[in-house]
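Undergrad: What follows is each chain in one-letter form.
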Amino acid sequence: MTPTTGNLLITGAKLADGTTTDLFIADGKLADPASAPAGTQRLDADGLLALPGLVDSHTHLRQPGREDAETVDTGTAAAARGGFTCVHAMANLTPVTDTAEAAEYVQSLGERDGHCEVRVVGAVTKGLGGEELSELGRMANSKAAVRVFSDDGKCVSDSLVMRRALTYVKSFNGVIAQHSQDPRLAGPNACCHESEWSGRLGLAGWPSQAESVIVARDVQLAELTDSRIHVCHVSTAESVEVIRWAKKRGIKVTTEVTPHHLLLDTPLVAGYDTTFKVNPPLRTSEHLEAVREALADGTIEMVGTDHAPHARQDKDHPFDVALPGMLGLEQALAVVMEVMVNTGRMDWPTLVERMSYAPARYSQTSTQGRPLAIGEPANITLVDPNARATVDAEASRSRSRNNPYHGRELPDPIVATIWRGRITYQR
Amino acid sequence: MRHLLSCADLDLASTNALLDLAEEMQQVQSRSVKKLPALRGRTVVNIFFEDSTRTRTSFEIAGKWLSADTINVSAKGSSVSKGESLRDTMMTLDAMGVDAFVIRHASSGAAAQVASWVKAQVINAGDGQHEHPTQALLDAFSMRQHFRRIGAEGFAGKKVAIVGDVLHSRVARSNVLLQQILGSDVVLVAPPTLVPTGVNEWDCEVTGDFDTVLPEADIVMMLRVQRERMAGGFFPTEREYTERYGLTPERLAKMKPGAAICHPGPMNRGVEISSAAADAANSLVLEQVAAGVAIRMSVLYHLLGSEEGAIR
Chain A
1 MTPTTGNLLI TGAKLADGTT TDLFIADGKL ADPASAPAGT QRLDADGLLA
51 LPGLVDSHTH LRQPGREDAE TVDTGTAAAA RGGFTCVHAM ANLTPVTDTA
101 EAAEYVQSLG ERDGHCEVRV VGAVTKGLGG EELSELGRMA NSKAAVRVFS
151 DDGKCVSDSL VMRRALTYVK SFNGVIAQHS QDPRLAGPNA CCHESEWSGR
201 LGLAGWPSQA ESVIVARDVQ LAELTDSRIH VCHVSTAESV EVIRWAKKRG
251 IKVTTEVTPH HLLLDTPLVA GYDTTFKVNP PLRTSEHLEA VREALADGTI
301 EMVGTDHAPH ARQDKDHPFD VALPGMLGLE QALAVVMEVM VNTGRMDWPT
351 LVERMSYAPA RYSQTSTQGR PLAIGEPANI TLVDPNARAT VDAEASRSRS
401 RNNPYHGREL PDPIVATIWR GRITYQR
Chain B
1001 MRHLLSCADL DLASTNALLD LAEEMQQVQS RSVKKLPALR GRTVVNIFFE
1051 DSTRTRTSFE IAGKWLSADT INVSAKGSSV SKGESLRDTM MTLDAMGVDA
1101 FVIRHASSGA AAQVASWVKA QVINAGDGQH EHPTQALLDA FSMRQHFRRI
1151 GAEGFAGKKV AIVGDVLHSR VARSNVLLQQ ILGSDVVLVA PPTLVPTGVN
1201 EWDCEVTGDF DTVLPEADIV MMLRVQRERM AGGFFPTERE YTERYGLTPE
1251 RLAKMKPGAA ICHPGPMNRG VEISSAAADA ANSLVLEQVA AGVAIRMSVL
1301 YHLLGSEEGA IR
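In the order they appear, the protein sequences are chains A and B.
According to this note's numbering, the residues represented by the first sequence are 1 to 427, in order.
According to this note's numbering, the residues represented by the second sequence are 1001 to 1312, in order.
If you are wondering where the hints come from, they were derived from the structure by calculation, not from laboratory data.
By construction, the Cβ of each residue, glycine as well, lies at the ideal position given by its N, Cα and C atoms.
The reader is advised that the hints may include incorrect statements.
What the hints assert, rightly or not - Pulled a few chain B residues facing chain A out of the computed Cβ check, cut under 7 Å:
#1 S1085
#2 T1089
#3 G1109
#4 T1193
#5 P1196
#6 T1197
#7 G1198
Stated by the list, open to error - Label pairs and their calculated CB-CB ranges:
#8 A:P188 - B:K1254: 41 to 47 Å
#9 B:L1012 - A:E131: 56 to 62 Å
#10 B:V1289 - A:N189: 54 to 60 Å
#11 A:L224 - B:R1269: 53 to 59 Å
Next comes chain A alone, as it looks inside the complex:
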């Protein structure tokens, strides 16, 4: 969708650093408010926070392939509702994004239908098969300018394939984003954090070490190859410890945590409600505490939603059979506020770093994650820090309804989202 570039004057907004300012948007960029002509359309932001547009490092848009679950149109509309101006479209589509042509197709869908910028993530291996490298270089050179490669949903478990991928992407400054899951320690039936809960419920356990052993291997391969590794959806205390060690050694590792791994814990699966089935699984409180602390201190430098829409018929199965995944875009900021900001663990400038600057840097997206300063792109999220509401899954802009926050009272912060100077969501 080509954004319209009407001018807009936002008055009295507070920035993350606490200063109050007017923001004048002209031709999709921020301009000097003093230059705003009389009669410019105004948006009163008194009492609101203006943040740089949020960037999601990890999004499943399902198009092409499963348009009944989500499309670029509905997924990015949900993103705009959640305050995002950019998402990263993961590669597990049909066809898989493993060629330049496939990457350019997803890119074109974003340009045509997107309510935010769509950055394409390419597959590491052909068909997510874990064996042969995808056309990594051709995807990098394509119009989609792919920099992030991930077989997300599947782990690149073969150490040699992982080493080759890490080495190969160096020539175009790529990064390998790993779904860390040892396929033997946590096989296809593993669906519950291995704990007292998996034991009682009779569900196959997914031990936290099935994640951390892969993280430990991958950071060492990143050191060996002097390349960049990104750990998707970190969910365990052990992984956090390994990442701390790797960073201390100067290894180029970045990490993300999902909103649900910050807020939701294992006991939620006790009723076998498949809305709460997700991969990696919801962990117990000591792991939640570890990832919260890591997000606060920067060991985890970004939030990625792992927004995973599923059609109802793919969730209405027994727990071990239903597809894993839950929605995340619309409530991401609400959850991070609830867990991190409202508890005093994190201030607003740090939140901006974790939810806008860091994920934009990660994929080298120069149009996103920029400060709200004159000359910068007009990507703005207007936030009411005090509003709260009860989440209603039916009110979602997503095409799917697998919302784990349904019925939960949370902050309801997003007042408006502006992408390239255009209002993409307004309450």
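Add chain B to chain A, keeping to what the hints say.
TA: Only chain B this time, still in chain A's reference frame:
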């Protein structure tokens, strides 16, 4: 009580009520005309997504002897392979006006999920590796009869050893919960690879040493070893398993006087239980099967037989 999904749905009073009524039902079994009119006009659908001989047959007989219209639906093969979700399958049957579903499914939690969807009452006849509450009830029923025969008082202080693949056993999970309600001391005996995570929270003893527990146990409950577990590398060989965890003739001789043997069946003779033990005078195996019908009559009656549909 609307559904029977887990032994955690029970307490001591409701358990005793179920066991007491089962005793009355067992007297009916000895009559030449076994039918009672209690559930006339009620419809019970036994839907089994997984093979079963004894559980399905005993539920069917129990329903028929209570004059319910009992319908068996074999739904083997997952609903996924038929292209239909479990929810749609169950909602379809529910729409026909069923009063109760007796459901067996290979997936843990299936009965609880179904109970959250349908209008009918739901009885869990075994869900994956989670629970099998009517099995635990019939085990308790057989044990109670055994204790009476030997002149022992109740369950309090009795040591019940549950031996074998606890990790994958719904029978073990239901029995642990029910035996705790009844007041016996449960000891789980299993190779460490077949002990569930978090078992230390189950409030029962856990050991890998069968021979220490055996002479002290009042009940020795042997669990079936599924052959596919060997492929999973949970233990090296069948022979080694039998040597360490089988109820061999040698171990049979070391049992405490008055102690009894249980097995939920089907038995792997020569693996977890020797023929000498299975057919021993103190084996309750066939008594358990007979108790199965009486217990299921009691459960059906308690859930469906009164206007309130309540156990108490």
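Undergrad: Now tell me if each hint is right for this structure.
TA: Against the structure, the hints come out as follows:
1. S1085: holds (4 Å)
2. T1089: violated (10 Å)
3. G1109: Result: holds, 3 Å to nearest chain A Cβ.
4. T1193: violated (13 Å)
5. P1196: holds (3 Å)
6. T1197: holds (5 Å)
7. G1198: holds (3 Å)
8. A:P188 - B:K1254: 41 to 47 Å: Given range 41 to 47 Å: holds, Cβ gap about 43 Å.
9. B:L1012 - A:E131: 56 to 62 Å: holds (58 Å)
10. B:V1289 - A:N189: 54 to 60 Å: This hint is violated: roughly 31 Å between Cβ atoms.
11. A:L224 - B:R1269: 53 to 59 Å: holds (55 Å)
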